[in-house]
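Using the sequences plus the hints, can you model the full thing?
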Amino acid sequence: MLVSYKWLQDYVDLEGVSPDDLADKITNAGIEVEHVTYPGEGLKGLVIGQIESCTSHPQAEKLRLCNVNLGSETVQIVCGAPNVAAGQKVIVATVGARIGGNKKIKRAKLRGEESNGMICSLDELGVKSDLVPKEYADGIYVFDDDVPVGADALPYLNLDDVILDLDILINSAHCMNMIGVAHEVAAILDRPVRMPHPEVPETDEAAADRVNVTLAAAEKVPYYGARMIEGIKVGPSPRWMQLRLMAAGIRPISNVVDIANYVMLEYGQPLHTFDFDAFGSNRVLVRTARQGENIQTLDGQERTLSSEDIVITNGREPSAIAGVMGGTRSEVSGETKKVLLEAAVFDPISIRKTAQRLQLRTDASSRYEKGLDRNRVSSAADRAAELMARYAGGRILKGIVEQGEREVPERVITMPWRKINQVLGASLSQEDIKATLERLGFTVAAEEETIRVTVPSRRFDVSIPEDLVEEVGRIYGYNNLPATLPEGTSVHAALTPYQKIRRRTEQLMESAGLFQAYTYSLTTGEKATALTVKDSDPKPTKVVWPMSEEHAALRQSIIPQLIDVVKYHMNRQMPDVRLYEIGKVFLTKEGCARPEEEEHLAGVLTGRISERGWEGEPEAVDFFTVKGILEELSASLAVADRVAYTSAERDGLQPGQTADILLDGEIIGYLGALHPQLQKDAGLNKTYVFEVAIESLLKQDQPDITYRSLPRFPSTTRDMALVVDRSLPASDLYRVIRKTGAPLLDSVKLFDVYEGEHVSENEKSLAFSLIYLDPERTLTDDEVSAVHERIIKACKKQFGARLRG
Amino acid sequence: MLKDKLLDLREEALKSIQSADSVKNLRDIHVHYLGKKGPITEVLKGMGKLAKEERPVIGQLANQIRESIGTRIEDKKKTLEKKMLEERIKSEAIDVTLPGRKRAMGGHHLLASVIRDIEDLFIGLGFSVVEGPEVEEDYYNFEALNLPKNHPARDMQDSFYITDEILMRTHTSPMQARTMEKHKGKGPVKIICPGKVYRRDTDDATHSHQFMQIEGLCVDKNVRLSDLKGVLTVFAKHVFGAEREIRLRPSYFPFTEPSVEMDISCFKCGGHGCSVCKGTGWIEILGSGMVHPNVLRMSGFDPSVYTGFAFGMGPERIAMLKYGIDDIRQFYNDDMRFLKQFKRA
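If you read the protein sequences in the order shown, they are chains A and B.
Residue 1 is where the first sequence starts when you use our numbering, and the numbers rise one by one after that.
Residue 1 is where the second sequence starts when you use our numbering, and the numbers rise one by one after that.
What the hints contain is simulated information worked out from the structure, not anything from laboratory work.
Do not take every clue at face value.
Unchecked claim - Which bits of chain A does chain B cover? Going by a derived footprint, with three or more residues having C-beta under 8 Å, they are:
1. 163 to 171
2. 214 to 221
3. 482 to 491
4. 516 to 522
5. 577 to 584
6. 588 to 597
None of the values given here were measured: they were computed from a predicted structure.
Every residue gets a Cβ at the ideal spot worked out from N, C-alpha and C, and that includes glycine.
In structure tokens, the structure reads:
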């Protein structure tokens with residue numbers, strides 16, 4: 001809402017309060033003033049001049065030589081505007097003046113003729129061209145009334161005004177009009193408000209003899225009132241009104257239309273004017289639209305209506321979409337003689353839906369949506385009628401033809417006194433509270449324990465005790481409140497075990513060299529369903545109105561997003577990338593609109609894990625780098641014994657370098673190299689990825705740590721190298737060794753894998769180091785040998801393993 | 001005769017010890033002179049031919065000579081070893097200014113650091129950290145927060161809907177309702193809820209269709225607006241520095257009444273006005289207020305018994321302000337050069 005500082009002074013005395021001060025005060029009391037603009041800033045040397053003569057330029061067809069009286073002197077100015085003429089009073093930028101865009105005006109010769117200044121259009125002074133009245137849009141501005149020649153032009157153009165831009169939220173809709181702002185400012189400054197008192201010079205003829213109103217959609221139209229005005233002469237509205245409209249961002253059209261807009265700005269009540277002859281009947285029928293019904297609106301668009309819309313009709317066809325925009329059929333034109341003036345109340349939700357569906361937000365619809373002062377409807381109609389009589393030559397027919405409830409009773413809120421101080425944490429006296437509410441225009445009846453507050457109808461945003469707490473608080477000033485801490489019951493607060501372990505997991509990933517990433521949950525339908533952990537044929541969950549195909553479906557794996565991040569780095573010549581992300585994936589469930597959310601840990605590694613340095617070759621990431629990180633993870637979560645890795649084939653990953661990760665036999669993740677084809681297509685180097693449904697891992701009960709006293713007896717280490725079939729998974733050997741070696745076998749470690757000379761082509765040699773220990777005593781060589789032999793035998797029996805010579 | 005021979009042997013031995021230049025050399029000398037087949041032993045073997053009274057004299061001399069050779073060898077060995085050590089130390093000298101071997105270390109995302117810092121602060125103030133679904137029911141995202149269908153404020157946050165009733169949450173506030181429901185009308189409830197939220201925005205330098213939010217809620221008997229002010233003051237000083245002051249401005253949110261926005265005094269200029277605070281001396285940080293009675297009621301709390309405050313803030317905004325980051329998309333590009341800069345944040 002653009003508020004003119006000059007206009008505001010019609011209603012409130014602003015003596016001693018500068019525009020910037022006022023803006024601060026309004027902001028601190030609850031309505032943010034987003035900008036304070038000085039439209040005349042930078043303009044100087046502009047005076048009102050009168051063109052005494054206007055002749056053609058001898059050398060240029062389109063230019064005119066004007067003798068312009070500037071009061072103190074008469075000068076020659078060359079002017080190219082098509083509408084320039086002798087006798088006009090115009091804006092003259094004198095030599096040395098500055099106009100919009102900080103342009104300086106100099107004495108000049110134009111095609112051989114001297115020009116001592118410039119006759120200005122409004123947009124040359126910085127007025128937005130779409131606000132300049134049509135008749136001056138392509139030329140200079142002409143004063144059409146009595147202005148003093150030689151005077152500074154700025155005050156006569158309201159360019160000495162200051163505009164405050166108020167950010168109106170839903171609870172401040174009562175300030176979407178000048179009277180509302182005036183009440184707010186008056187309360188802040190503790191000064192009285194001067195309300196306009198419209199006086200309507202009515203004729204003896206009754207409006208009701210000309211027109212009648214029927215409400216066929218009463219539930220959506222609580223009130224409809226119409227005034228009849230005849231003998232209208234359509235022409236421009238007075239300059240002061242035009243300037244006020246322009247300052248508020250509305251282009252002046254004609255006296256009739258301007259008055260309706262002006263009163264809307266002043267009272268907050270949208271008004272509509274119909275050309276009554278064009279309206280085509282004496283019956284106003286307000287009804288819901290028929291599905292598919294058409295109307296051409298004032299913006300020239302053909303609109304198709306739905307049965308949720310309200311229309312104003314002449315009994316047959318629609319003349320306006322109620323509360324949103326009028327139709328061209330009954331539009332006020334230069335020929336209009338009779339005007340039907342509508343002042344009505346429409347259901348906010350209905351208006352909002354219509355405006356939204358038609359994508360047609362207007363000054364009227366935005367006011368209807370947010371609510372308006374029910375008890376100001378008829379005074380707004382009276383105010384418009386008064387102005388029509390004065391500025392459009394209209395005869396106002398007697399009475400308002402109306403249906404519905406014109407006024408509603410004022411709301412009363414009763415609440416305990418103490419609630420105000422209790423909620424604010426303040427200690428205001430009852431007198432202070434009462435005085436504050438009265439400043440805001442509330443009527444207060446004080447009782448012992450309670451307070452009865454009558455809310456003026458313009459404050460339709462105030463309905464519950466908490467609203468009154470806010471009213472008192474914002475005027476008193478939140479910055480005057482003390483800063484305290486909650487005194488209530490003390491509660492234990494700590495991270496949940498899950499949150500703690502997740503933090504530790506983050507730490508572990510970072511110590512392993514990975515950086516934490518955040519990627520988007522929404523992606524393309526294709527990526528959303530790629531590289532999933534569990535579901536091999538997932539359906540995407542899509543959003544209804546995506547902004548773009550890039551963010552259309554919910555991811556079911558994090559990896560495709562991380563691969564994009566690797567691409568980003570490759571495109572920027574950064575081949576070493578190590579990232580992890582912990583985040584939700586959204587798994588579709590059959591017959592369920594809402595996907596199941598599961599937290600996953602995913603990572604991507606490519607390039608070198610160490611930097612190339614002077615001390616040696618850098619280490620490149622490989623499958624076992626990644627697996628090592630995951631093993632650290634399962635060890636840190638105390639599930640190492642329950643986790644297994646099995647060779648797997650998965651879409652998008654390289655066969656033979658892919659493993660499923662299982663917890664107690666259930667797949668919870670995978671790791672592997674990206675498929676070489678996919679790598680090549682995406683322009684990537686060898687890239688390894690992993691994803692684990694970490695929620696299932698982290699939600700495992702963490703066993704308590706039990707201390708094992710340090711061994712008091714020495715252990716014995718024996719090594720063995722076993723030659724086995726090349727395809728035998730090492731994990732199988734491990735299993736048998738462990739099982740057979742229990743309980744004396746304390747630990748087993750693979751320290752060499754060998755293929756090549758001395759081992760046949762389809763075999764490999766695996767060398768293990770086995771540590772034997774009995775916590776209760778020293779083991780003898782014979783005892784150790786017995787177990788060791790047993791292990792070797794078992795391996796031989798199960799896998800045909802033999803000791804390497 | 002025998003005596004002279006011994007003295008000669010000593011002379012000879014000491015000389016070779018003197019000229020020995022390695023420990024091995026010395027060992028050889030030791031074996032040569034003092035070994036079982038050495039010349040001294042040989043000499044002593046001839047003692048039988050000596051007169052009875054001469055025997056102990058020669059014997060003693062021989063022992064003395066053995067001893068002194070032994071001592072000399074030991075001494076020389078120590079000297080040699082010391083020399084060797086010195087040489088080794090010299091040869092092992094390195095350029096300590098060469099760079100160390102780098103272990104690959106990753107790091108936290110800046111947003112995670114900001115969130116963690118705030119979580120830890122609020123845990124200290126008695127708040128628990130709760131998390132909730134990112135795909136939410138319309139009821140929890142809007143209706144339970146006093147935003148019935150057709151409420152005009154729903155425009156303020158255009159949403160990604162999955163169906164008419166299911167959408168990507170537009171704020172973490174649904175956790176207010178979900179947590180209060182769980183408490184079944186009994187306070188206190190003190191939570192913060194960090195998480196991802198989604199809005200139908202086109203991504204640019206200042207907008208992101210996905211971003212983080214931290215919601216806070218404190219409901220108990222007798223919670224006051226002044227308590228909100230106190231808690232927010234602690235927060236502002238913790239995150240932006242002890243010299244910060246806060247300012248509360250009335251505002252509007254459907255789920256709080258009264259609603260306030262919190263500004264902090266500008267940390268760049270200290271409040272005189274600069275480019276960061278756009279000349280005002282204040283920077284807008286978060287929205288907050290006293291929980292609307294409808295919200296309490298809908299989640300099973302009696303507003304005549306309980307009051308509460310709630311606040312919601314954006315970690316991206318906090319990080320952008322604190323570190324002068326001018327493009328919100330940086331948080332989601334995951335450029336390693338960006339991530340590395342905030343390892344220690």
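Which of the numbered hints above does this structure break? 2
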